[in-house]
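Novice: From first to last, the protein sequence lines stand for chains R and F. Per this note's numbering: the first sequence = residues 459 to 817. Per this note's numbering: the second sequence = residues 836 to 1144.
Because the hints were derived from the structure by calculation, they are not lab data. Bear in mind the structure is a predicted one, so any value in this text is a computation, not a measurement. The beta carbon of each residue, even a glycine, is placed where N, CA and C say it ideally should be. Wrong hints could be hidden among the right ones.
Lysine-lysine pairs mimicking PhoX-like chemistry, simulated, CA-CA at most 25 Å apart [what the hints assert, rightly or not]:
#, chain 1, residue 1, chain 2, residue 2
1, R, Lys570, R, Lys540
2, R, Lys674, R, Lys527
3, R, Lys594, F, Lys1139
4, R, Lys577, R, Lys594
5, R, Lys567, F, Lys1139
6, R, Lys577, R, Lys540
Ranges between beta-carbon positions, derived for each pair [to be verified]:
#, chain 1, residue 1, chain 2, residue 2, range
7, F, Ile964, R, Thr640, 42 to 48 Å
8, F, Arg1040, R, Gly480, 25 to 31 Å
9, R, Gly591, F, Glu864, 36 to 42 Å
10, R, Thr535, F, Leu1130, 40 to 46 Å
11, F, Val967, R, Ala734, 54 to 60 Å
Incomplete in silico selection of chain R near chain F, CB under 10 Å [to be verified]:
#, residue
12, Pro521
13, Asn544
14, Thr545
15, Phe547
16, Gln548
17, Asn549
18, Tyr550
19, Phe553
20, Gln569
21, Ser572
22, Lys573
23, Ala613
24, Asn616
25, Leu779
26, Met782
27, Ile784
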Amino acid sequence: MTDDMGSDLAAVSMRSITKRFGDVFAVDDIDLDIADGEFFALLGPSGCGKTTTLRMIAGLEFPTLGSLKIYGNEVGTLAPNKRPVNTVFQNYALFPHMTVLENVGFGLKMQKVSKAETKTQAMEAIEMVQLQGMEKRRPNQLSGGQQQRVALARALVNRPQVLLLDEPLGALDLKLRQEMQTELKSLQRELGITFVFVTHDQEEAMSMADRIAVMKDGVLNQVASPEEIYERPANRFVADFIGHTNLLEGHVVDRSVVRLGNGSDIPVETDLPAGAKVEVSLRPERAFLHAASSTPDGAWVDGAVKSVTYLGNAYVYQVALDWMEIDVREENRPGLEVFAPGASVRVAFAPDAVSVVTE
Amino acid sequence: MAESGPTVLDRDDNAQDVRAKHAVDDQFEVRAAKAESRRGLLLALPAWLYLMVLFVAPLLIVTVYSFATRTRSGTDLSGWNLDSYRKLGEPIVRDILFRSLTLAVITTVICLVIAYPFSYYLATRPERIRNVMLVFVMIPFWTNFLVRNFAWRVILGNDGPLTTVTEAVGLGEVELLFTPVAVVLGLVYGFLPFMILPLYAAIERMDGRLLEASRDLGATGFESFRQVLLPLTMPGVIAGSILVFVPSLGAYVTPEILGGAKTTLLGSYIVIQFLTARNWPFGAALSFVLMAIMLVATLIYFRKGGKTL
Chain R
459 MTDDMGSDLA AVSMRSITKR FGDVFAVDDI DLDIADGEFF ALLGPSGCGK TTTLRMIAGL
519 EFPTLGSLKI YGNEVGTLAP NKRPVNTVFQ NYALFPHMTV LENVGFGLKM QKVSKAETKT
579 QAMEAIEMVQ LQGMEKRRPN QLSGGQQQRV ALARALVNRP QVLLLDEPLG ALDLKLRQEM
639 QTELKSLQRE LGITFVFVTH DQEEAMSMAD RIAVMKDGVL NQVASPEEIY ERPANRFVAD
699 FIGHTNLLEG HVVDRSVVRL GNGSDIPVET DLPAGAKVEV SLRPERAFLH AASSTPDGAW
759 VDGAVKSVTY LGNAYVYQVA LDWMEIDVRE ENRPGLEVFA PGASVRVAFA PDAVSVVTE
Chain F
836 MAESGPTVLD RDDNAQDVRA KHAVDDQFEV RAAKAESRRG LLLALPAWLY LMVLFVAPLL
896 IVTVYSFATR TRSGTDLSGW NLDSYRKLGE PIVRDILFRS LTLAVITTVI CLVIAYPFSY
956 YLATRPERIR NVMLVFVMIP FWTNFLVRNF AWRVILGNDG PLTTVTEAVG LGEVELLFTP
1016 VAVVLGLVYG FLPFMILPLY AAIERMDGRL LEASRDLGAT GFESFRQVLL PLTMPGVIAG
1076 SILVFVPSLG AYVTPEILGG AKTTLLGSYI VIQFLTARNW PFGAALSFVL MAIMLVATLI
1136 YFRKGGKTL
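Construct the entire structure; sequences and hints are all you get.
Specialist: Structure, rendered in C-alpha cells:
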C-alpha cells in the first residue's frame, strides 16, 4: 500500500474481527470500515462490545480473530506505542504526578522530540483547548471539564491519524457535556482527523457523529448516518435504543398494509412477505391527538388518554389503546388542544411517519 | 419607644440580641470540639502509655548511660563525659559501622530488585490468586525466626544440600557459611516480605489505565515503568526500603548464626559491650548512634522520595 491512495483508503478497516474472553464473545465477527476524516460513533448499551472494539483499534486488546487495518496497514497485534492512534480515556487517565504541560508533552517526549520543541508544541495544544495559564497545575487541581481538555490535548499533540475517545463526555455534567459536544465537533472539522468515539448516550452519538454503528451483544446491528438510523432503524433493537418509540405488534398483509394486533389496518410500505410478524415503530412526536369524533388525515388508531405529563415545551400523553399503551408527545404550540385524562382520542399519524421493524 | 419606628439604637439592640444567641451557640461548638479531642485522646491513650513507658523512657535511660563513665560493674552511673562517643572514632568501630551499613544497603537493594517485579506480578493477578499468593508470602512468618536461620545454616553447611548440589555439578565445595554473603542471604530471606507487602499495596492501588495511557502515547514497556509506574509507586518503595534497611542495620540473630567471627556487625558488637565487655556506656553510645543513622537515613529517603511524588 502506498500513501498516494490518500483518502480513498479507510482510516480503520475491520474484517471478521472477533474478541473472545473465555467463553464470552465480546465482539463477534465484525466487518466495519471507518472513512478518512469521519466522526464515527460506536453506540450501544454497556457490555455490547463497543469499548472492546475501540481498545482493539488502540492496541490495548488484541483480536482473537480477524484483520484490523489502519490506513491499509495491518495492526492486529501491533503494540499500542507503534500505532498511529491516540486515545482519550474514560475518566481521562491523566498522570497525577505530572503537570498539565508534562502530561501534554508526554507523547512527544516518548518520540524523542527535543525539549524545546516539545514545550512549544505542548503549549500550542494547551492553547488549542483553551487552558493557557493552567500548564503548571496538577490534574487534581483541575475541574472535570479541564481534565477532559488536557486529555484531549495530550492525545492530539501527537497528531494521530485516528483519535479514539472512550466515553469522552461521560463524567461531565449535562451543560458542560453539551458545550463539549459542540467543541469536539468543530475541533474535528478543523483538524480533519478521523475521530472514533464510544458512547452509550444515543443523543451524544446523534449530535456529534457523521455515522453511527449500533452494537448489541458484540454484533453490529446497523451502521448508518444518524438520520438513517432514526428514520429507518434496521431492527427492533435499534428502533427502541435510538430515541423513544412505541412498538405496535402486527403482521404484514401485503406490501403496503400492516394489520395491527387489534385488527385495524394501517398503510405502511414494507418489503417483507405477507404474514410476517412485525412491529410498527411510531415515534411519540410523530403522532397527533385528535378528538374521537374527528376524521384526521392519514392513518389512526383509537384510544383513551390515561395520563398527561406537562413538560413546559410539550405535553406527553399516555394513551391506552385496546391492546397496549403508547406515548404521544405534542409540542406546546399556541392553540394546541389539550386532552384531560379519560378523554377518548384518535391517535393519528402520516403513513410515512412509521417504520416496520422485526427482531 | 414612641411611634418613630425602629431607630438605629433599636437595630443595635437587636444585633446584640442576635449576638447573645450566637454566643450560646459558639460556646456549644467550643465544648463539642473539646469533647471530640478528649475522646480522641482516650482512644490513643493505650498506645501513648505503651510508647512512653516502653520506648521513650528506655531511650532516655540509654542516652543518659551513654554519657557515663565505665565502672567495674559496668552499670554504675558516675563521671559524666563524652569518652564513649570518642571511642566511636576508633578504626575497629568504624569498620564495624561501615560493614553494617554496606550489608544493610546491599540487603535493601537486593530485596527491592527481587520484590518489585514480583509485587507487580502479584498485583496484576485475579483477586483470588492474589490472596492465595499473599498467604504464601507470609507463610515463613509462621515459623520461628531463629529456626529459619538455623535452617540456612544447615543448607549452607559443610555437608548441606548446597554443597551436595555444587559438588554434583562439578563446582566443588562452596563455602558460604560464616561469610558476609551468607549474612546477606539470610537477611534478604528474612526481610523480603517486608519489601513485598508495601510494594504490592502501592502497585495494587495504582490505576492500571495510566500504564495503558502511557503505552498509547508511545512509551515502551520500560519507559512506562520508569516514567509512570515507578514514580507513582515511590511511597511503596520508600516504605519497603525503610522496613528492610532499619532491621538489617541493627540485625543481631542472622549475623550471629550465619556470619563468622570476622564479620562482626553492629548488633552483635552492641551485645558484646553490654554482656561481655561490661561497657554499658559504650554500648549505649553505639545504640544511640545506630538510631541516629537510621533516623537520618529515613529522613533523607523521605525527602528524596517526596520530590518525585
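Novice: Now look at each hint and say whether the structure bears it out.
Specialist: Okay, the hints, checked on the actual structure:
no. : hint                             : result
1   : R:Lys570 x R:Lys540              : holds (14 Å)
2   : R:Lys674 x R:Lys527              : holds (23 Å)
3   : R:Lys594 x F:Lys1139             : holds (21 Å)
4   : R:Lys577 x R:Lys594              : holds (12 Å)
5   : R:Lys567 x F:Lys1139             : holds (24 Å)
6   : R:Lys577 x R:Lys540              : holds (23 Å)
7   : F:Ile964 x R:Thr640: 42 to 48 Å  : holds (47 Å)
8   : F:Arg1040 x R:Gly480: 25 to 31 Å : holds (27 Å)
9   : R:Gly591 x F:Glu864: 36 to 42 Å  : holds (39 Å)
10  : R:Thr535 x F:Leu1130: 40 to 46 Å : violated (52 Å)
11  : F:Val967 x R:Ala734: 54 to 60 Å  : holds (56 Å)
12  : Pro521                           : violated (17 Å)
13  : Asn544                           : holds (6 Å)
14  : Thr545                           : holds (5 Å)
15  : Phe547                           : holds (6 Å)
16  : Gln548                           : holds (8 Å)
17  : Asn549                           : holds (8 Å)
18  : Tyr550                           : holds (8 Å)
19  : Phe553                           : holds (6 Å)
20  : Gln569                           : holds (6 Å)
21  : Ser572                           : violated (15 Å)
22  : Lys573                           : violated (15 Å)
23  : Ala613                           : holds (8 Å)
24  : Asn616                           : holds (7 Å)
25  : Leu779                           : violated (49 Å)
26  : Met782                           : violated (45 Å)
27  : Ile784                           : violated (44 Å)
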